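Residue numbers (our numbering), protein chains in the order written: chain A, 1 to 297; chain B, 1 to 384.
If you are wondering where the hints come from, they were derived from the structure by calculation, not from laboratory data.
In this text, all values refer to a predicted model and were calculated from it rather than measured experimentally.
A couple of the hints might just be wrong.
[Claimed, not checked] In the DSS-like style, the derived pairs of lysine-lysine whose C-alpha atoms are separated by at most 27 Å in a straight line are:
| # | chain 1 | residue 1 | chain 2 | residue 2 |
| --- | --- | --- | --- | --- |
| 1 | B | K375 | B | K303 |
| 2 | B | K375 | A | K270 |
| 3 | A | K128 | B | K215 |
| 4 | A | K128 | B | K105 |
| 5 | B | K303 | A | K270 |
[As the list claims (entries may be wrong)] Some residues of chain A that are not near chain B, with every Cβ distance over 12 Å (derived):
| # | residue |
| --- | --- |
| 6 | G14 |
| 7 | I55 |
| 8 | Q65 |
| 9 | V70 |
| 10 | I74 |
| 11 | G81 |
| 12 | L161 |
| 13 | A186 |
| 14 | R193 |
| 15 | I216 |
| 16 | Y218 |
| 17 | K270 |
| 18 | G271 |
| 19 | V275 |
| 20 | V279 |
A virtual CB, placed ideally from N, CA and C, is assigned to each residue, including glycine.
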Amino acid sequence: MDNVSLFLQTLVGGIGIGSLYALVALGYSMIYRSMGLVNFAHGSIYMIGTYLGIIWYRGMVMGLQVPYGVAFVIGILLTAGLGLILERIFRPLANMDLMLMLLGTIGLGYVLDNLAVIVWGAEGFAVKSPLPETPIMIGGVALLPQMLLLISVSAVLMIGLNVFLAKAKIGKAMRAAAQDRETASAMGIPVNRTNALTFAIGAGLAAAAGILAAPIVYVNPAMGSAVGLKGFAAFILGGAGSIPGAIAGGLTFGVLEAISAGFISSAYTKGIAFVIMIVVLMFRPGGIVGEVTVDKV
Amino acid sequence: MKRSLVSILLLLGMLLAACAPAAAPTAAPQAAASTEPIKIAIIGAMSGTNAVLGDWMKKGVTLAVEEKNKAGGICGRPIEIVIYDDEADPTKSVNLAQKVATEDKVVAAWATTNSTSALADIPIFAQYKIVQLTNGTNVDITNKGSAYIFRANPAGPAYETPLVDFLVDTKGYKKFALVTDTSAYGKGEADYQTAALKAHGLEPLTRQSYGIDDKDFTGQLTAILQTNPEVILFGGSEVASGLIAKQARQLGFKGQLAGGSAIATPKFNENAGADNSEGVFATAPYLTNDLNDQTRAFAARYKARWNEDPEVHGANTYDGTQLLMMAMEKACPNITGEAIAAEFHKISGYQGLQGTFNVQPKGETIDKTQLGVWKGGKLTPYTQ
């Protein structure tokens, strides 16, 4: 393998795993924008979302086996539904002291993790890809079909979300509610309902990420902790609350991790990626794209 | 405002509830009150990526204990098991070791499924004079000078040295790349592989590492493929090694894959997929349930109890528990950690599932492994 294809191979791996982080970071961002809430249970929602989709694909519910695409949609819808319920629980926390928010969301994350262990057991399973497992070779670079699916569907979801927020009426309402809750409320926007929808979308995106990544990773109740942390890092790196920032942050973090594994030291990838993140934030405290100021007292 | 407060209390309640299951012991059924049960503990990874190790340990130990209790227990006393989850975290493990020593007052403990935590727990069990069993493979475990530690399976070099010897002497390979995780287990296995290679005058081309929760190994594998190895040796655990085997094949690696006991488990095969595990060499003290009458009978009983086939961890925890119960019977009626440990050291010539056990002064019990090869999703003994 020559150096160019080696670099490209590493880059592809980084973009793949980075898309996953980006989708998770979007969930953090959406919820932070609208509710001013950093949701530390988001990694657990990602894990639950993965299960809620994959259990159908693997025929774990009454032996009922559905195609991957159908399981993908069911998983997103169920997790979005769960998001609606969680929003109701989180609502009183939204404008409270940071300490209480932290405690509440971390606690809820534990509850979800333990629920998963009770319902599906502590032992995980490998998921078979619906696509061929043999990679497509382009110029010495191996492209795994499932990885391409993850990257392309993530891209579609991210673009779709941007269009939705910019163009759709309810999307605009969500942005308005995020900017100024009181004024939006006075203008007749049902703020609580838009927040619920935001939460549902964030949860749905996490489920999409998990179901897409499931055939590449190993599914178990602990899978959310590492991805949740890296998604959070991507959310901060991109600029807390910014939608393009979450995407940029996720991709950057994934690529940083892959490059440090391939070219610097594989033992300390996490450390290196986080160090670079801290350095970036020292020079650009608002993150790569910039911060959306959430001003709620 | 009032509603908000209620919600916070509710959440705090949930938080406490979430912590509770990890701390609550799962007690075996209690026997008649006249015969006080002998308490032993299992501390291991019951959740997290390594949860499968805890699950296997629980099943192997529980089966051995249930059989003994059915046959009348130890000096008429039943054995009771308390189980704790340390999440493969040495800090949590040490706290739990303290807890079983001071609150549960156990005489023996399986601690733990992971070398890192097992090493951390050694001083606690030595201090409280409690017999400690582990199926971790790191050599340091029996080099800490504790008279209470016993290893129920061969130590790391017993897997890696014969494997490397075979790959170099019989197969004629010279170019090796190592990939392992950053745990004590992973670092240890890769160290023993390196030492075994050195004995043949060879150096690994590269040694790549990853964190135990990593899932994408493109970076490590591209670095490995660049060195153009004939063999990739796995040092890490079953799930990650399986994923690495799959990703290595997907990146076009055509050479030999091989590794120690983690590679001999069904979890490795599940994560690699049968196509990618084909032809992979693994060493383990327990390759197949079909080895002899004893292993076949064990596999049948295990399957009847747990509705799944046993593998090496189920077998070594069963073996270790048999050794422990033998020592308890000899120590009877003096069931203390000190007396049991003294009797444990005297065991020799016990024929277990993994072979013949002869307990050594430092706490090793067995040192032989066999070579196996994956064929059609099944691990079979390799005949040279």
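A quick look at each hint next to the structure:
no. : hint              : result
1   : K375/B <-> K303/B : 23 Å, holds
2   : K375/B <-> K270/A : 36 Å, violated
3   : K128/A <-> K215/B : 15 Å, holds
4   : K128/A <-> K105/B : 46 Å, violated
5   : K303/B <-> K270/A : 41 Å, violated
6   : G14               : 8 Å, violated
7   : I55               : 17 Å, holds
8   : Q65               : 18 Å, holds
9   : V70               : 23 Å, holds
10  : I74               : 24 Å, holds
11  : G81               : 19 Å, holds
12  : L161              : 24 Å, holds
13  : A186              : 22 Å, holds
14  : R193              : 18 Å, holds
15  : I216              : 7 Å, violated
16  : Y218              : 5 Å, violated
17  : K270              : 6 Å, violated
18  : G271              : 9 Å, violated
19  : V275              : 15 Å, holds
20  : V279              : 20 Å, holds
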